[in-house]
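Given the coordinates of chain A, assemble chain B onto it according to the supplied hints.
Read off the chains here:
2 protein chains.
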Amino acid sequence: MIEQLLTEAKNACRTFQMVDTDTKIQALHAIAQKLIDQQDRILQANQKDIAQAKENGISAAMMDRLLLSPQRIQEMSEGVRMVAHLSDPIGQVIREMDRPNGLRIKQIRIPIGTVGVVYEARPNVTVDIAAICIKTNNVCILKGGKEAYYSNMALAQVMQEAIADILPVSPIYMIDAIDHEVVTELITDREHVDVIIPRGGKGLIQHVVQNAKVPVIETGAGLCHLYVDKEADIDMALQIAQNAKLQRPSVCNAIETILVHTDVAKEFLTRLAPMFAKVQVFGDARSLQYIPGEMATKENYATEYDDYKINIKVVDSMNEAIEHIYTYSTKHSECIVTKDDKRAQYFMDALDSACVYQNASTRFTDGGQFGFGAEVGISTQKLHARGPIGLSEMCSTKYEIYGNGQIRE
Amino acid sequence: MIEQLLTEAKNACRTFQMVDTDTKIQALHAIAQKLIDQQDRILQANQKDIAQAKENGISAAMMDRLLLSPQRIQEMSEGVRMVAHLSDPIGQVIREMDRPNGLRIKQIRIPIGTVGVVYEARPNVTVDIAAICIKTNNVCILKGGKEAYYSNMALAQVMQEAIADILPVSPIYMIDAIDHEVVTELITDREHVDVIIPRGGKGLIQHVVQNAKVPVIETGAGLCHLYVDKEADIDMALQIAQNAKLQRPSVCNAIETILVHTDVAKEFLTRLAPMFAKVQVFGDARSLQYIPGEMATKENYATEYDDYKINIKVVDSMNEAIEHIYTYSTKHSECIVTKDDKRAQYFMDALDSACVYQNASTRFTDGGQFGFGAEVGISTQKLHARGPIGLSEMCSTKYEIYGNGQIRE
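Line by line, the protein sequences are chains A and B. Its first residue numbered 1, the first sequence is counted upward by one per residue in the UniProt record's numbering. Its first residue numbered 1, the second sequence is counted upward by one per residue in the UniProt record's numbering.
Hints are computed from structural coordinates only; laboratory data are not their basis. Warning: the hint list may mix true and false statements.
Capping the alpha-carbon separation at 30 Å, the derived lysine-lysine pairs in DSS-like fashion look like this [what the hints assert, rightly or not]:
(1) B:Lys106 <-> A:Lys230
(2) A:Lys106 <-> B:Lys278
(3) A:Lys230 <-> A:Lys339
Take a look, some chain A residues computed to stay more than 10 Å from chain B by CB distance [stated by the list, open to error]:
(4) Tyr150
(5) Asp352
(6) Asn359
(7) Glu400
Examples of chain A residues lying across from chain B (beta carbon under 8 Å, computed) [claimed, not checked]:
(8) Thr270
(9) Arg386
(10) Gly387
(11) Arg408
It should be emphasised that the depicted structure is a prediction, and the values quoted were computed from it without experimental measurement. Glycine included, every Cβ here is placed at the ideal spot set by N, Cα and C.
Next up, chain A with everything else stripped away, as it sits in the complex (with noise of 0.2 Å):
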């Protein structure tokens, strides 16, 4: 069904993997002010979009997501103008090798080719990834979620027209359409496809993760744990545990599961008890004796909720807060806080999450935080990218072998 289409993009690459840096950075701010021009075309799209939602009375939140505001657009196209500040990585030159043969080795950066992202309601990844791409020479091929069908094809319009007259060849292709086969044939077809990127819930990214051929990135899990060392200075551990859990309980960089050394677990707890009052708690025997809740089951300690939930557990060693994050985690981020540099590097070095912090808040993983500018998710597998996805893990690497006749002996 969308043959044509992943054939074109294919296609598309070769070409648009030429373009140079000054040519991408016009399209970029082509697109910037093209988005704030046709302001009033997307926000009439969106609102077909808003008014079919209502139709089919979706969640509050579900609506908050797919709405647009002339603040909004505006945001995507500062966004956009951000993007094309960044330096370039494509080109950069990652190591050089000179053998004893006298073959000088270069291995640079280069464009991943054609990037498939499949997402859900926000309208704003259509216009982050395609400014993601373009910065990076990638093609990107988007497969939006229908409750935002209006928008994304006003958006994928607005930001085409912008390049039209800038770019030799277009790197946005929209996927026209709103069935769930297109899907399966975008994420299967390892020919035109170069890598997959799920962007949006459980449901989609273990879809795309079960179904693909393709390489896929998987994004977003955050099963994010906190441990309150012994040494921990409690002032700080309240705060990063208020941090961490509060300012923005949805996403996944929040946690999950505080973890508490049985020394400081009375001071720690009876203090956090007022502070997570609109927080459902659930805790072991332990930890329930100073802070009120319900008995944690098995599941809750392997529940991501991204809500006002949060599972305690009171520990009697560093080791066993690092054997339940082992059982438990999805390796996304988690964090120890200890005045003990020693025994903060021992927990670092014993766990395999993908970024583990001492003394800071895990709501830290993320590409704009990292200094990365613009990032496509938060990687939680071990291939090609872990954590933030910024530029550099949007792109693939080749070799240049420079000789002069050199052959094998």
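Below, chain B alone, put in the same frame as chain A:
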């Protein structure tokens, strides 16, 4: 069927990731020594495989891959000692960032975790992979071919005995089964297996790529091209053609197609003809004027022979050569022979193959030749690793973030 083994392997990661550089070196030297000490036992096991192979009437080529000898065991042992001497990639700091809020972020190399390897007849793969995995603190789960069953079991046992008193946990798991269902289990168990690397023929690799749920590093396919430019040094082009096709035709970095610019076609091909006397030529009409052979079909240009066969085509321009390579290449290795560096750079920029050469044989696409010391294979995918898979490519990364109470605004 093998769930217990996969669970044990995954659990072993936690302990094995903490093993330090010196202990890993000691373990590798112990393996190298034990392989020599237990040579007779290994050769006896190999004889069982050979006897079975004779009964089943396998090909001479397969028999050669299967056969072990004191010399081959000596080579395996030396290979392990060489890996021992390579510098340790684990813990290497890839980048460090200081953020304006005082956070210090370090990206460091860590093990991948469990590495499943599915391979065919060559028993030396058992030792190569185990050594590389020990060096990179990865736990390997090996599934060899049924032809080499007794040899692989003996090699794995000898290695396990060698390290039993040195390592706190065994990082070598050999699947003791010859049926195909265990492969399915291995390549779909996302909970216990972090990455799958297939090593072998196209059938095996395609089976794994198409059926795996675990992330795969694809290896091996090599339809490589040599382009002889109008500005080529013809003597050099002839030497490279000979080396890249004939030095070892059965391997993935040998060339399958020569594209020659019309301006130099007559001289190059006339002189190539006697050098390629024993090679079966498939050419276009123009090339067959100068070198004997039969007409090439599209299928010829799309075939990786790994044999004494070559495709030849005369092109009118470098762009036609690039176009041809884009149509047929598996994106492994391509070479341009030209004295004109600007033309070379254009060619190398335009292609997105893993390795692009100016004036050197494609046979150099190899971990040893690149100076990596050891390699697991040649990656032909865009994600994670491209080209020779050395120790760095067998690592994942994590971020360690050091703070003093930072919370997110």
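Structure-based check of all given hints:
1. A threshold of 30 Å between alpha carbons decides the hint, and for Lys106 of chain B with Lys230 of chain A the separation of about 25 Å falls inside it, so the pair holds.
2. A distance of roughly 35 Å separates the Cα atoms of Lys106 of chain A and Lys278 of chain B; the hinted pair therefore is violated under the 30 Å criterion.
3. Between Lys230 of chain A and Lys339 of chain A the alpha-carbon distance is near 9 Å, which keeps this suggested pair within the 30 Å criterion.
4. No Cβ of chain B comes within 10 Å of the Cβ of Tyr150 of chain A; the nearest lies about 33 Å off, and the non-interface call holds.
5. Under the 10 Å C-beta cut-off, the non-interface status given to Asp352 of chain A relative to chain B is violated; the minimum distance is some 6 Å.
6. Some Cβ of chain B comes within 10 Å of the Cβ of Asn359 of chain A; the nearest lies about 4 Å off, and the non-interface call is violated.
7. Distance check on Glu400 of chain A: its Cβ comes as close as 5 Å (rounded) to a Cβ of chain B, failing to clear the 10 Å threshold; non-interface status is violated.
8. With its C-beta approaching chain B no nearer than about 20 Å, Thr270 of chain A sits outside the 8 Å limit, and its interface hint is violated.
9. Given the 8 Å rule on beta carbons, the hint for Arg386 of chain A holds: about 5 Å separates it from the nearest Cβ of chain B.
10. Contact between Gly387 of chain A and chain B, as hinted, is supported at the beta carbon level, the nearest pair being about 5 Å apart and thus within 8 Å.
11. Because the beta carbon of Arg408 of chain A sits about 4 Å from the nearest beta carbon in chain B, less than 8 Å, this interface hint is met.
Hint check: violations occur at hints 2, 5, 6, 7 and 8; the rest are consistent with the structure.
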